[in-house]
Amino acid sequence: MTPTESQYFALLRSALWNTPLALSGPIDWKGVMHIANHHGNTSLLGDLATRMTDDRRPSDEMLRQMRDSMRVNLVNQLHLKQILVASVQMLRQNGIEPVLLKGFSLSMLYPNPSLRQFGDIDIFVGLDEFHHACAVLRNMPGSYNWGEEVDSGKHFNIEFGQYAMEVHRVSADEVDPDEREAYAAIEREGLFDEARRVSFEGFELSVPSKEFMVFFTFFHAWHHFLTSGVGLRQLSDVAMTLHAFHGQLDLDKLRSYIEAMGLMQPWQTFGGIFVDYIGLPEAEMPFGVSGNARAVGRLYQRVMEEGNFKRQRKFKLNCPKRRLLQKLHAFICIFIDYFHLAKVFPKQAAHELKVSLRAGFRKNLHGN
Numbered sequence: 001m002t003p004t005e006s007q008y009f010a011l012l013r014s015a016l017w018n019t020p021l022a023l024s025g026p027i028d029w030k031g032v033m034h035i036a037n038h039h040g041n042t043s044l045l046g047d048l049a050t051r052m053t054d055d056r057r058p059s060d061e062m063l064r065q066m067r068d069s070m071r072v073n074l075v076n077q078l079h080l081k082q083i084l085v086a087s088v089q090m091l092r093q094n095g096i097e098p099v100l101l102k103g104f105s106l107s108m109l110y111p112n113p114s115l116r117q118f119g120d121i122d123i124f125v126g127l128d129e130f131h132h133a134c135a136v137l138r139n140m141p142g143s144y145n146w147g148e149e150v151d152s153g154k155h156f157n158i159e160f161g162q163y164a165m166e167v168h169r170v171s172a173d174e175v176d177p178d179e180r181e182a183y184a185a186i187e188r189e190g191l192f193d194e195a196r197r198v199s200f201e202g203f204e205l206s207v208p209s210k211e212f213m214v215f216f217t218f219f220h221a222w223h224h225f226l227t228s229g230v231g232l233r234q235l236s237d238v239a240m241t242l243h244a245f246h247g248q249l250d251l252d253k254l255r256s257y258i259e260a261m262g263l264m265q266p267w268q269t270f271g272g273i274f275v276d277y278i279g280l281p282e283a284e285m286p287f288g289v290s291g292n293a294r295a296v297g298r299l300y301q302r303v304m305e306e307g308n309f310k311r312q313r314k315f316k317l318n319c320p321k322r323r324l325l326q327k328l329h330a331f332i333c334i335f336i337d338y339f340h341l342a343k344v345f346p347k348q349a350a351h352e353l354k355v356s357l358r359a360g361f362r363k364n365l366h367g368n
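The numbering used here applies: residue 1 is where the sequence shown begins, and numbers increase by one.
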């Protein structure tokens, strides 16, 4: 870990857990905020910086940039909140009860919800109500679609000006064929049978069960890790769900979800990131942390190198224009990614390669 990375994690832990900052001396704010931008948590660290009063404060110019960035994030959230409430009200008027996924439901678990960054709204309506819900939202004032509503798709996209909503028929795509039945049972239990009602600034919303919320937040981060690059924002989300629901989870149920998808080893290895770097108390990490320090270290290097979507952006940037060369480029990149994945998770790398071969590489690590 570099000195700048060490400062970044000290600042991140202080911001996440609302604890005193364990740092002395000058801070490399330029380097720290570069990492924060790479990993999707600039508002968390920016808020902490603006509250500092000693000589560790950033320069006035950097503070101005931080405040501007936080202001943009806050304005975006205010608009998204208005769209969310209006959409849920309209769906309910038409007999549909959506379940909130990701962004807003996770932000409520942070000390200051407005500091958890996200760019759109995700709601789950299920298979039976999918087309009905799309028709309702498509006809909302000021909205139009920029996605395709198809039976095989994961979600339908509705755009409200510069803001977007994803209406999900299934909560996760790219589930391996051998695991789809198990995932469907998990989804049915967590999003239908045991969905909860919570108050969101005086407005009631349906959210997943606590066990599903922990599992799905990790499963979503795992998918990012496999396909496009995962950032500390997604990993912080997992840590915050575990902290918020500590002592309230049915651990047998959570274990069954993780094992059904063959993810206990990744869960425990990522646990090393949650505990050693993000600061989750070890007692709040169910099923323990991997004892393989080398695997945790390699995972750390992979996470820090890629961050949010870097692998996907790099793949698209370097992708040739000719169709045949695109296939060759994807083929080469896939094997490079499997090679790196095998360094940390050899069993999962072999499994993913087998699935890709069986599907003729239609399913690959770049989501193409």
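Calculated from the structure, these hints are not laboratory results.
Please note that a few of the clues may not be correct.
Said to hold, decoys possible - As a list, the in silico DSBU-like pairs of lysine-lysine whose alpha-carbon atoms are at most 30 Å apart:
# : residue 1 : residue 2
1 : Lys253    : Lys347
2 : Lys321    : Lys210
3 : Lys347    : Lys210
4 : Lys321    : Lys354
5 : Lys253    : Lys321
6 : Lys354    : Lys253
7 : Lys343    : Lys354
Owing to the predicted nature of the structure, the values given are computational and were not obtained by experimental measurement.
Status of the hints after comparison with the structure:
| no. | hint | in the structure |
| --- | --- | --- |
| 1 | Lys253 <-> Lys347 | holds, 24 Å |
| 2 | Lys321 <-> Lys210 | violated, 45 Å |
| 3 | Lys347 <-> Lys210 | holds, 28 Å |
| 4 | Lys321 <-> Lys354 | holds, 28 Å |
| 5 | Lys253 <-> Lys321 | violated, 47 Å |
| 6 | Lys354 <-> Lys253 | holds, 28 Å |
| 7 | Lys343 <-> Lys354 | holds, 17 Å |
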